[in-house]
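All chains should be built: construct the whole structure from the sequences, respecting the hints.
Number of protein chains: 2
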Amino acid sequence: MKRVLLTGASGFIGHAAIAPRQRAGFQVVAVGRRAPDAEDVEFIGADLLDRTALSEAVAAAGASHLLHFAWFVTPGKFWGSEQNLAWAATTLDLLRFFREAGGARAVLAGTCAEYTWQPGGTLREHQTPEHPASLYGVAKHATRMVAEKFAITSGMSLAWGRIFWVYGPREAAGRLVSDAIVALLDGQRFATSAGLQRRDFLHVSDVAEGFVRLLDSDVEGPVNIASGHGETVRSILERIAQAAGRDLSLIDFGAFATRSDEPMLIEGAVDRLRSEVGAPPGRPIETGLRETVEWWRSRGKK
Amino acid sequence: MKRVLLTGASGFIGHAAIAPRQRAGFQVVAVGRRAPDAEDVEFIGADLLDRTALSEAVAAAGASHLLHFAWFVTPGKFWGSEQNLAWAATTLDLLRFFREAGGARAVLAGTCAEYTWQPGGTLREHQTPEHPASLYGVAKHATRMVAEKFAITSGMSLAWGRIFWVYGPREAAGRLVSDAIVALLDGQRFATSAGLQRRDFLHVSDVAEGFVRLLDSDVEGPVNIASGHGETVRSILERIAQAAGRDLSLIDFGAFATRSDEPMLIEGAVDRLRSEVGAPPGRPIETGLRETVEWWRSRGKK
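Protein chains in written order, with our numbering: chain A, 168 to 469; chain B, 168 to 469.
Be careful, since some hints might not be right.
Because identical chains share one entry, a pair is satisfied inside a single copy or across any pair of copies.
What the hints assert, rightly or not - Each computed SDA-like pair below joins lysine to any residue, with the alpha-carbon atoms no more than 25 Å apart:
#, residue 1, residue 2
1, Lys244, Ala424
2, Lys244, Ile319
3, Lys169, Ala191
4, Lys244, Ala271
5, Lys169, Ser345
6, Lys244, Gly269
7, Lys244, Ser416
FYI, nobody ran anything at the bench for these hints, they're computed from the structure.
In structure tokens:
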């Protein structure tokens, strides 16, 4: 029986990973402070930042596989937070305890912010320089280096999925897509930048599916979990307005200046994800956005 | 009053750093499991690997400065040990707690193993590629990256002293100089490699002095704490035999093969240490080795 220890199971991507994990024949053991809202999931309550509790929980889980999403990701705060140090430390603890407990295959969540973002373009594993500009990016980058070396020295298989822009049902407030949908469904004005920058957006279920495929594979090292296609922020918002049945004039493009250090294009190369991991392309952005708008509407938004 | 929180104070370099720290006008607060064998040092007993105990100890220390030496360095075991993950995690914890408690200036111990060792030569800060081959080197390298970025985002001053080969009184068994001295003073045969590789050796008191100067400076980033001069292992051992009054024939050069992945020369550029930090050259190697042999002799070796 394959058993996967899942962290961040009550979070945005972690929650979306439960169902496909179970379909793939895994028993899921969630470890964290909050039990996930899902069926047939074992749950071991533990504060991951408590080293002793974490050690005991990992030993109790007895997992062959590890899928680690938990990190400090509060919108607007995570880029420069000292909590990045705490989560880097905890991730190293977790990996060590997992290996001690006999774990064989680990997949950890990385980020496109590990790459240099200047001058932007298509970011490619093992090719685009890793030169993160933020503390968040540095902490993830540093954690990956230690994790990959530890995997080699300890004889464990390890991959590192790099997340780009994620949207979909259950997204927290404070992020572009969720805030825009909520505002537009409410008929409120939504202030934003000119929106000409292109970013790689992937639906949360497709991100989760990519991680599921990666965990089931024996692919090692960094793998972009992305759509492979940069979409302008403007077109994302226009599609949301359309799906919400609202007039485009509600969107105040140019209300905020575009940051001068933001490159015009950030998208992930998906060669590894498609050919090595075998993950299919996710749903088209228009389908995913319509679905997400419907989800919010069903939650009582107009 | 400048107060320095010192870790590793009962260790090889940490212990040597106490006296010069005090001379420089610092009150030393040692934090660790064992009280250092030194006078006028405050001691707060805490297992650094216990996050809660560490947090409390750092808050209680109320230090303006941090000098962090503690790490897992058991000879023969530290290169690939999983303990490197624990100490990387603990170092990030320590730095975070120190900053939370109002700390302003931190100096942490790095290693020449952060640099690529191929093809060898003179390793220079900000110039020689950082491409560590060992888990120990990767863990130190990764820790430095996060520490430096955290210092910038949190407004703290931070430097990173890279240690090369250290010798001197109180060195643990299992290392070249200490083992050779003990064997030769006992009149025992000492088996070694051909000894043609050149390494940068610095007396522990001079290493400690370099760290003291670095801590008192406002120099930031990586600084080699080295002699600047690679010495052959053969000449080190010949000098030990001479100081011990033993015949060279006791040394079995070539008993062990030289590892094929070991470069012939590893030495540190000391431009930053001399001109920016202002540290004087340490004692000549022959003086330092004679002193070290005398120390072992005074401990009851013949």
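Which constraints among the numbered hints does this structure fail? Numbers only, ascending. 5, 7
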